[in-house]
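J.: Based on the sequences and whatever the hints tell you, model everything.
Chains as they are written, first to last, in the working numbering: chain A, 1 to 323; chain B, 1001 to 1116.
Derived by calculation from the structure, the hints in this document are not laboratory data. No residue lacks a Cβ here, since even glycine has one placed at the ideal position from N, Cα and C. A portion of the hints provided could be inaccurate.
[Said to hold, decoys possible] Computed, partial: chain A to chain B, Cβ under 7 Å:
1. Ser171
2. Glu172
3. Thr173
4. Phe177
5. Asp235
6. Phe303
One-letter residues, chain by chain:
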Amino acid sequence: MPDQTTIDAAPALDPRATNRDRLAVGLLWLPVVTVVVTALQWHDRLPAELPRQWNGTEVTSTSPTALMLAITGGIALLAALAGLAALSRRTADIRRTLLLVAGCAAGLGTGIWLVTAGLVLVTGSSKPDAGGWPLLGVLAGAFGLIPFVLSPRRPFEPQPYSPVSVPLAASETGAWFTTVRVPLFLWLAGVLGLATVALAVLSAVLGGPGSGGAVTVGLVALSCLAFGRLRVSVDRRGLRVMSALLGLPLRRLRLDQIVSARAETIAPMEWGGWGYRIRPGRSAIVVASGPALVVERTNGTLFAVTLPEPELPAALLTTLAAR
Amino acid sequence: MLFRVDQASSVSIADQLAVQVRASVVDGTLAPGTRLPPARELASALDINMHTVLRAYKQLRDDGILEMRQGRGASVRADADAGTVRLTELADALLAEARKLGVTLPDVLTLIQTRG
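T.: In structure tokens, the structure reads:
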């Protein structure tokens, strides 16, 4: 294109996983092994139902042991699989966060399993007085800190961009389109989709319990799918962000709502994480860390969407908004 | 990619669009397999007639740059590259020159065939 700029290539950080990353990912299988080994060992001695909720010293609700095992072990397994995904070069930028979240989930699931099943075995009662033990199960979530610390920190280097303008003649109009693909979200959607089906089947077999979990996991899978492929356009109607797979408009800003737009490098954590983020004074659709189109609105708030090479749409949006 | 249309230009709007798509394929902005916006969408974005966009897309399809499938819209052909674009440009230049000299299309074809 005539007015397209080439971006100065910044020295890219090596996206490959290091040995410490591999060790961290290997550690994520420890919870899976723990749950499997203890389940096999304790299989004969555990009652059909395990306590699920305590109110003070009293057990207020129970769940079938198989369901407890499937949920806690399933969480650990999903976390271990997410760890494997974290080794991919594509996930290099979010590797540490992914390991932290996966580790916390795995630790939490395993901790809850160990504490509940352990308590029942040690006390010999199917409705034991828990005392402070459930807290320990929750604290096991801190396991996530181990892979997080093991995985080396990747310095975040903002890439230099050359400024660009789109001079449009009075008789000219411009329209810019792109599709942003996020393979990680699609993979997550796939894995969570399978988990939803598994939970739904399990829930149906057991006649009820776990259906809430299936719905929750299903909704998360759907939202991953929604952000897996985005269509972004800038034209005389303003800025639009659509979910390409679900055909849903995620965000529309008319030109008269826009003061100007610029390209910026953003860190997801500064905007509240991944997905559709709303914070006081600003909102964002974040699917990656790095370059983003940041729009300043007439009401004083900011809206950002992460895109590769956002300079051109930023310049076009500014030009169109100024008309 | 950026599409721009100049209503005041002497070049037809369909040709303006086609030239920009070709240029984007040559410089790599449009990678093979990239899907172009649906004709209706692009027309509405640029405030032009949908048939104008379709004319540009069809011209690019005939040049071997785009493929159009029912329900999937237009996308850059997997084998479309700078070479394909260069070849169609040379063919266009050859035909324009022949027209200027009053040489008919069958004569141009014969000229090419005798060299093949």
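J.: Each hint should be assessed against the structure and marked as holding or not.
T.: Hints, verified against the model:
Of the supplied interface hints, the one on serine 171/A holds, with its beta-carbon coming within about 4 Å of a beta-carbon of chain B, less than 7 Å. At about 5 Å, the closest approach between the beta carbon of glutamate 172/A and any beta carbon in chain B falls short of 7 Å, and the interface hint on this residue holds. Contact between threonine 173/A and chain B, as hinted, is supported at the beta carbon level, the nearest pair being about 5 Å apart and thus within 7 Å. Checking phenylalanine 177/A against chain B: minimum C-beta separation of about 5 Å stays under 7 Å; hint holds.
Annotation: interface hint on aspartate 235/A holds; nearest CB of chain B at approximately 4 Å, less than 7 Å. For phenylalanine 303/A, the shortest C-beta to C-beta distance to chain B is roughly 20 Å, which exceeds 7 Å, and the interface hint is violated.
Hint check: a violation occurs at hint 6 only; the rest are consistent with the structure.
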